[in-house]
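Asker: All chains should be modelled from the sequences, with the hints used to inform the complete structure.
These protein sequence lines are chains A and B, in that order.
The first sequence begins at 166 in the working numbering and counts up by one.
The second sequence begins at 39 in the working numbering and counts up by one.
To be clear, the hints were calculated from the coordinates, so they are not data collected in a lab.
Cβ atoms here follow ideal geometry from the backbone N, Cα and C, with glycine treated the same way.
Errors might be hidden in some of the hints.
Here are the computed lysine to any residue pairs in the SDA-like style, where the Cα-Cα straight-line distance is at most 20 angstroms [what the hints assert, rightly or not]: (1) B:K136 <-> A:G263; (2) B:K87 <-> A:T260; (3) B:K136 <-> A:K248; (4) B:K96 <-> B:L84.
Here are some chain B residues the structure puts well away from chain A; computed CB gaps all over 12 angstroms [what the hints assert, rightly or not]: (5) R60; (6) N79; (7) G81; (8) L94; (9) G100; (10) K107; (11) S108; (12) S111; (13) P117; (14) A130.
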Amino acid sequence: DGGITQSPKYLFRKEGQNVTLSCEQNLNHDAMYWYRQDPGQGLRLIYYSQIVNDFQKGDIAEGYSVSREKKESFPLTVTSAQKNPTAFYLCASSTAPGAYNEQFFGPGTRLTVL
Amino acid sequence: AQSVTQLGSHVSVSEGALVLLRCNYSSSVPPYLFWYVQYPNQGLQLLLKYTTGATLVKGINGFEAEFKKSETSFHLTKPSAHMSDAAEYFCAVSWYEKLTFGTGTRLTIIP
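Answerer: Dropping the structure here:
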């Protein structure tokens, strides 16, 4: 059964610690995306990758880092430099980068920094 | 640059009544437009999309949307609301490989 897996669903960390959120897809999609969702603000793009070993900053990349070493995996690291990391994080993928391609979303990870 | 405005952050309708969720967009090129639905603590699911061709687009769960270029709108409708429609709805416009989302409309269904 194809889809996008994000783990864990809930994550708690102390302030000042880096944390890595996992995103895996078995849809054979080329493009992958990370979004941050805050109440009343919709989804904001953090990073995206159109192909393995390549990625671009989105609208709110400061304090985050990513890697794309494998086609199926696109982990997101929330660093201590991110001033307000508590949020709901969503990973998505699409068959190829392109305006007409729909994005498929994972179930999300809710990060709480204490 | 692309942008999306969703009018009304909260909409309440009675069960069986018409659902109308509003979306206006700004785009410098012919847009590709999407509606997504999100249930609590879950990811987003595509309801429907407009790329080219017919301006009335039908989606899942009885929803449809009409692309009106002259009004730069892509409103989402459903003739008869069901309790299971309670969720948050996002309109999005595509810009090359990126999606720009509206701030969402939370739909409440009144029994």
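Asker: So, for every hint listed, does it hold in this structure?
Answerer: Results for each hint:
1. With a CA separation close to 8 angstroms, the supplied pair B:K136 and A:G263 stays within the 20 angstroms bound.
2. This hinted pair checks out: B:K87 and A:T260 have alpha carbons roughly 15 angstroms apart, not beyond 20 angstroms.
3. Simply put, B:K136 and A:K248 have alpha-carbon atoms about 25 angstroms apart, too far for the 20 angstroms limit, and the pair is violated.
4. Between the alpha carbons of B:K96 and B:L84 the distance comes to roughly 12 angstroms, so the proposed pair stays at or under 20 angstroms and holds.
5. Residue-level check passed: B:R60 sits 15 angstroms from the nearest beta carbon of chain A, beyond 12 angstroms.
6. The Cβ of B:N79 does not lie farther than 12 angstroms from every Cβ of chain A; its closest approach is about 7 angstroms, which violates its non-interface assignment.
7. For B:G81, the shortest C-beta to C-beta distance to chain A comes to about 4 angstroms, within the 12 angstroms cut-off, and the non-interface label is violated.
8. Every CB of chain A is more than 12 angstroms from the CB of B:L94 (nearest about 18 angstroms), matching its label as outside the interface.
9. Every CB of chain A is more than 12 angstroms from the CB of B:G100 (nearest about 19 angstroms), matching its label as outside the interface.
10. The Cβ of B:K107 lies farther than 12 angstroms from every Cβ of chain A, with a closest approach of about 16 angstroms, so its non-interface assignment holds.
11. Interface exclusion of B:S108 from chain A stands, the closest Cβ pair being 21 angstroms apart, more than 12 angstroms.
12. Look at B:S111: its CB is around 18 angstroms from the nearest CB on chain A, clear of 12 angstroms, so calling it non-interface holds up.
13. Interface exclusion of B:P117 from chain A stands, the closest Cβ pair being 24 angstroms apart, more than 12 angstroms.
14. With a least beta-carbon separation of about 8 angstroms from chain A, B:A130 fails to lie farther than 12 angstroms from that chain, contradicting its non-interface assignment.
In this structure, the hints that do not hold are numbers 3, 6, 7, 14, in rising order.
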